[in-house]
Structures are given as C-alpha cells and as structure tokens.
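Here is what each chain is made of, one letter per residue.
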Amino acid sequence: MLGIEDPWIILGYAVLIISAIACVVYGWMKRNSEED
Amino acid sequence: MVDSALIWGATIVYAAAMIYLGYLGWKKTKSGEDYLLAGKNVKSWIIGLSYGSTFISTSAIVGFGGYAAIYGMGIIWLAALNIAVGVLVAFVFFGKRVRKIGQRLKCQTFPELLGRSYNSEFIRWFVALVILIGMPLYAAAVLIGGAIFMSNTIPGLLFSDALLIFAIITAAYVITGGLRAVMYTDALQGALMVIGMIVILAITITSLGGVESANQQLTDLAPQIPQALKDQGMNGWTAFPSFLSENWFSVVATIILPVGIGVLAQPQLAVRFMTAKNAKTLNRAVPVGGIFLIMMTGFAFTIGAWSNVYFWNNPDFHTISFLAAGKDIDSIIPLYINTSMDQTIVTMFMLTLLAAAMSTLSSLFHVMGSAAGYDLWATFKKAKFIPQKWRGEESGKTSLRINRYATIIMIVISLALALVMPKKGGVIAIATAMFFGVCASAFLPLFVHTLFAKRPSKSAARISLAVGTSTWFAWTLFVFAKDSTVFGISKALFRTDSLLSKPWSIIDPIVIALPLSTIALIIVYYWDKRSRMDAAAVAPTT
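Protein sequence lines correspond, in order, to chains Z and L. Quick note: the first sequence uses numbering that gives the first Met the number 0, first residue 0, plus one each step. Quick note: the second sequence uses numbering that gives the first Met the number 0, first residue 0, plus one each step.
Treat the hints with care, since some could be wrong.
Heads up, simulated BS3-like pairs for lysine-lysine below, C-alpha to C-alpha not over 25 Å straight-line [to be verified]:
hint, chain 1, residue 1, chain 2, residue 2
1, Z, K29, L, K95
2, L, K105, L, K29
3, Z, K29, L, K29
4, L, K380, L, K29
5, L, K457, L, K501
6, L, K453, L, K528
7, L, K229, L, K27
8, L, K326, L, K423
9, Z, K29, L, K276
10, L, K27, L, K42
11, L, K42, Z, K29
12, Z, K29, L, K457
13, L, K95, L, K276
14, L, K423, L, K481
15, L, K105, L, K457
Far from chain Z by the CB rule (all over 10 Å, computed), these chain L residues [unchecked claim]:
hint, residue
16, L217
17, P225
18, K279
19, G288
20, I290
Since the hints were made in silico from the structure, they are not lab data. We put the CB at the ideal spot given by N, CA and C, even for glycine.
Go ahead and model the full structure; you've got the sequences and the hints to work with.
Have a look at this one:
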C-alpha cells in the first residue's frame, strides 16, 4: 500500500491518522460541555 | 550557508516578536500565581498550541527525525502514541482531573499538586528534586539541537555564541513574563512550526515524485542497510525491526515507550491543564493539539526516513543518510534541509527550529524555576536554621521575585550543561528519552493513583516514588549500556559499562522501573487498605 508492505508500518500510520481525527471529533462534540 | 542579511534579518524580526509578546505577558504578571499559572484563564486554542509546541522541540524534529533516518518508519508509532496518548488520553482522562484537583487544592505547580493531593511535603520535595536533576539534561539537549542548526546555517556564528543568543532571548521573556509570556510565545511559535513543516513536507514530496514513489524508493533501498544494523534485526526503512531484536529494543523500548507513555507525567505539560478556566476550554484545545502533533512528529519522522532516498539519489552523496551525515544522527535533518532546500526555506526552517526549541525551553526554564523557587525554597526557608533575614516576606511580590531568581539559576545550569555535554551520538534524542523515562518511572503510578483512586494511599505513593526513581537511576547508571557509557560511573567503579550482559544491557530503564514502581504502589496500597480496615474493625465504637 503506497509503496509500504509491512503491515506494522501501515497500522502505525493508520493509528496516527485515526487518533488525529478522533481529537477533532471529540473536540467538536464536547465543545460546549462543562462536564469534568 | 545562506545569505547573512536574510537570516540575520529574519532572526532579529523573530526575536523582536518574542520580546514584544514577553512584554505583554509581563504587563499582566503581578503576582506569584500570575507567574506560575497565567491567571488560570488562558484561551483554548492557546492551551492547545502551547501544549503541542512545548511537547515538540528540536528533539522531536532533529533528534527523532534523525532516528527515523536510521531506524526507518517504525518510529511512526511514536507519532501515533504522541496523539493517542499525549493528546487524547492526556486531555480527556488526565487533564480535566488535574484541573479540578488543582483548583480544589489551590495548587500552582506539578510537585505541589502531587504533594497536596497526598498531603505529603516529602512527595512535593522529592518530585521537585527529580525535576531539578533530570530536567536540565533535557533543557540542554533542546538547547544543543537549536544551536547546532543555527551555527551550521548562519555564516560565522560559533556554536557557543548560538547557545548564548538562544538562551538569552528565551530567558528574557520567561523571567519577565512568566507562564503568560511562555504561552503567548508558544502560540506564535506553534503557528510558525506548522507553516514550516507543511512547506518542508510539500517540497520533499514533490522532489521525491509523490508519496508512493518516495515510499517505493525507500523500500527498494533495503539492500543498502549497513551490515551492523542488519545483524541487529533491521529489515528496511519501511519495515518494523524483527521482534525482540536489538534494533527492536532500540526503537520500541528506548524511544517509543519512554516518550510515548512518559508524556502523561511531564510536569511542564501537566501544568498547562491547570491554566484552563473550565473543562470546556480543555475540550476545545484537543483538536488543536491533535492536528498540531500530526504535522510535527508525523511529518518530521516521515521526512527523516525519506531523507535516505534524497541522499541516495544525490550524486554528491549517493549513500544513506547516516553515512552522508558522517554517522552523526543529529546532523541528518539539518544536512538534508541545508543541501536540499533553497535559502528562503532554510531560513524558514531555522525559525521553525528556533520556535520549536524556544517553546519547549521556555516551559522547562519556567518549571525548573518554580520547582526550585516555589516548591523547594518556599518550604525550605521555613526551617529553623534559616536566618530570619533570608526568609523574606510572605507576599505575592516576594514569591514572584524568588521564582525569577530561581529561574535564572536553572537557566545558567542548563546552559553550562549544554556546553559540556557531547554534541554527537544522538545525544538530543537520548537525553530527551531519558527525561521522559524518569518522569514515567517515578511519577506516573502515583499521578494515576491520585487522579483515579477514591482514597489514594500516601504510603503507597511514597514507596512507589522511591522505587521508581531509584530503580531508574540504578539501571541507567549501571546496566543500560547506552546511557551508562555516557555517564561513565559504572566504568569508573566496576571497570565495565554494564553490570549485566545482553539482553539486560540493551533494555531501557523504563521497562524495568515503571513496572516495579507500579507493582510497589499496588502492593502497598492493598496492604495499607487492609491495615486501615483492621484498625477500623478493632476501634472502639462510641
């Protein structure tokens, strides 16, 4: 995939991108939440 | 080398902007609490950028970028942990609790937070002491990273002069403006870092013919791996090292684990949670932190690995990055930028690095100053043998003055350390991983315990802190060969770099110290809980 064959490297990039997306989604959904 | 007028002009404009933001911070800093927590009303986007830019320094870009050039893309797992653990877990599960406990107990620093939550002055002092011993090492590594690139880029500038310029500009705004100035400048520096990394990534991708082409060329370079690295288990720059090989330990146990997990117990990062007015502010900072980090570590590590393709294709080098840079890990990224980009981009990258270094450095100076001036001296001065005239008055202004003096002292110590520390052999990444490792081993179990346990045990926390710290130092100085060789204490005392043979001598201290400090905490916690229950059972009822 995209010139990389090792699944561990592909998985590393996938976790990186999914985590960044999760940050955006979390921040958006909780943007007005006062809950600790 | 680039045009002197261009690079000096850019540096002066940058320094003027920092000093102006420092002045804004100084105007609003009237007391010790302002100095330490920026009035606890910092905006969410500033917290997000400040957290990210403090987390990411020259260590991440130059140090770990250089590691990616040698060990390959396996290190991308560190970038993934930086976001998953360093932002998501840190803000969502740790940050809000830290803010709440910090406000309830009226804490202003990380040692004070731990000390008060366990009602233990011992814990507060101990944590402050570990910070004062370990953090100058990290600060010196960050200083070295910035100064190497400045002296290599600016014509006629000596390394020692670059160090001084660097430290003086940072010191000027930290000492005057405290955390408010640190966070204002962090935000501008963070924005500069984002622009710089986007531009450099775009140029790199274009010059290598696109992402797929760059990756394929890097995969095809596998036969060029030096025999020594092959023997250690390296399988290629786009492949993870063989499981449990020496190379695997170098990547996973020495770099990914300490930095990836250690972030949760970093004093300079934890204190940012206490500057937020409410939980909403922290929620809104999460996307800023996440996006910022993918652009920093995600981009830097990928560029580091790809640099092999550039050096191999360049007829002036026609070799892999490690050999092109004269086997100096910390010179790989600077050499790549200096030889592959035009001078405007080189200037921009220098400012990016300056921003990355200063944003981290200012926070480290600030935390060291507060650990020395607020956590240690403010309580130590109450001791009977300290003359009355030395104690000063108990006021916000006195506290502010003491914090400033302490910050100056810690800056001088860090600067001296940067001058004497070795400048080669990947010292930037090693020193950074060491500090993250000691923080995780010593602080993480009791930090988690106080944040999540209903009735945290003081005894468990004290034992865990002592076990984690002593194990980490013992393993670093006498067993883990990579670190013990640098300190030379094992060699001087026992005529050997490591008291144990492989595989122990290649296992990072955190792999031993963190489980031990966690087990110590769990055992003492249940023992303590049982003692309390027994005591309650035999207590007379009234």
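Q.
Which constraints among the numbered hints does this structure fail? Numbers only, ascending.
A. 3, 5, 7, 12, 16, 18, 19 and 20
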